[in-house]
Amino acid sequence: MQVCPVGATYKGEDGVVLIDHDYCIGCRYCVQACPYGARYFNEEEGVSDKCTWCYHRITKGLQPACVEVCPTGARIFGDLEVKESPVSQFIRENLVQVLRPESGNAPNVFYVGIDKEVN
Amino acid sequence: MEPLPNLAPYTGWVYPNETVFEWSVLIAVYPYLTGLVAGAFTVSSLYQVFGFKTLKPVAHLALLTSLCFMIFVPTPLLLHLGHPERAFNATLTPHWSSAMAMFGYFATAYVVLLMIEMWFAYRPFIVGEAQRRQDLLGRFYRALTLGSYDLSEHAMTYDRKWLFALAIIGIPGAHGLHGYVGFMYGSLKSREWWSSDLMPVIFLFSAIISGVALLVVLYVASCKLRKIRVDVACVKGLAYTIWGFIMIAIALEALEFANIVYKGREGIEVILEYVTGRLLIPYFILQFAIGAILPFLILSYMIWRGTTGQALVVGVTLSACLVLFSVFMMRWNVVIGGQEISKTGKGLLYYQPTFFGKEGLLVGVLLTIAPIILLLGLARLFPPFEDGETSAASPAGAQ
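So the protein lines, in turn, are chains U and R. Note that the first sequence covers residues 1 to 119 in this note's numbering. Note that the second sequence covers residues 120 to 518 in this note's numbering.
In short, the hints are calculated from the structure, not lab data. Treat the hints with care, since some could be wrong.
What the hints assert, rightly or not - Keeping only pairs whose Cα atoms sit at most 30 Å apart, straight-line, the calculated DSS-like set for lysine-lysine is:
hint, chain 1, residue 1, chain 2, residue 2
1, R, Lys355, R, Lys172
2, U, Lys50, R, Lys308
3, U, Lys11, U, Lys83
4, U, Lys83, U, Lys60
5, U, Lys50, U, Lys60
6, R, Lys477, U, Lys50
7, R, Lys465, R, Lys308
8, R, Lys280, R, Lys355
9, R, Lys465, U, Lys50
10, R, Lys355, R, Lys308
11, R, Lys382, U, Lys11
12, U, Lys50, U, Lys83
The structure presented is a predicted model; accordingly, all values stated were derived computationally and were not measured.
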């Protein structure tokens, strides 16, 4: 987000990092800067893109599509600010890790059981 | 989605999105062009500000070259952007935390400064042509005079002061224009190959040697074309400049590489596998050995032995060509090389440039040659050499 020359990518008040497709100029600096390789270039729209946690669904109270369809319930999504949400409870009860903790990015995606072989 | 052929082959473990190389050869050409701009301007400033009188023959050529390359500088960027029509947003409504947003400001400021400096430098010539010519070009020159036909000693002193001031201000301007690119790479956490405090300085010093080398080649070539004797003192001055700066450039790049290896951060095994494998030739042989160490040795030898005359010109021109090649390899090795090392630190990818296409090798080559063609044209309108009556020091005399 820091590197975007036009400020097209931003973190909303609810904590979701989004990209404004009408403002992005498609320079792909954010794609280079993302330490997790999570961003990519959307050829059809000519803008950079990323997972939006299905913003169009979560703003309507639904779960992201991938969480909805996971057959084993391995994905848990929710509001970290709310103590009783499934994700807050899960984080309290399990040993969670993040990717690239040394980077100081404090991401909001947590994993359980990843071995350090995988960055 | 991407058609399959665009996905880069890889070894080891890579993130899926990395299999598309987002920054192509054009993004390596861009810092090459701004580097030539900065380097050419440095030569002009060495004459104007630091009083390297031996560089007088190339002083105006340097300004002209800087302008010609500057005109083409935005082109690779515009070709690369997904939405080039929105490109100005980065300058009109910039995101101040982004190094890339600085481009608009540095570029605009520099172009304006360069044009004003050229106006002052060429004023005697412009005035002369405006008064002499009656054709369409005459009107062009008369418009360019901006109404000022004063070539008295007082006016020329005033001009000289402006030139001096502009040349001084232009140094941080030109170096900022190129230095921010280095900062863009060096400030990223995501790629170990890029992340370095030294990156802006490395870019800058290699830019300076590339610009000086370009002027050597252009000057010698122009002398051959005009069938006049090469000013050996000038070539020697340029050679000393390359020699001095290349030592620093080599030292910086060696330091940066040594730091990466010595720190041995996560992913170092893959980096070492990469530089001893696929990058061995482009990095150690082409960029370092042939492109940097060899010209340095050639120049050192000629300086040590006091070579002069034709031998000096040949030796320096050869060294200059090698330097130009080496600096391009440096841009390639940084931009493309950085993307070939996976962000996982556990995989390598393989860049497959296209030849045709909007961001292919052909466009890259054309963008590098086009400024020289423009220079040939612009040099007719603004002859850069003494025999073409362009010196700011002398009033417009007989043609």
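Here's how the hints hold up against the structure:
no., hint, verdict
1, Lys355(R) - Lys172(R), "12 Å, holds"
2, Lys50(U) - Lys308(R), "19 Å, holds"
3, Lys11(U) - Lys83(U), "22 Å, holds"
4, Lys83(U) - Lys60(U), "21 Å, holds"
5, Lys50(U) - Lys60(U), "20 Å, holds"
6, Lys477(R) - Lys50(U), "24 Å, holds"
7, Lys465(R) - Lys308(R), "16 Å, holds"
8, Lys280(R) - Lys355(R), "28 Å, holds"
9, Lys465(R) - Lys50(U), "23 Å, holds"
10, Lys355(R) - Lys308(R), "42 Å, violated"
11, Lys382(R) - Lys11(U), "33 Å, violated"
12, Lys50(U) - Lys83(U), "27 Å, holds"
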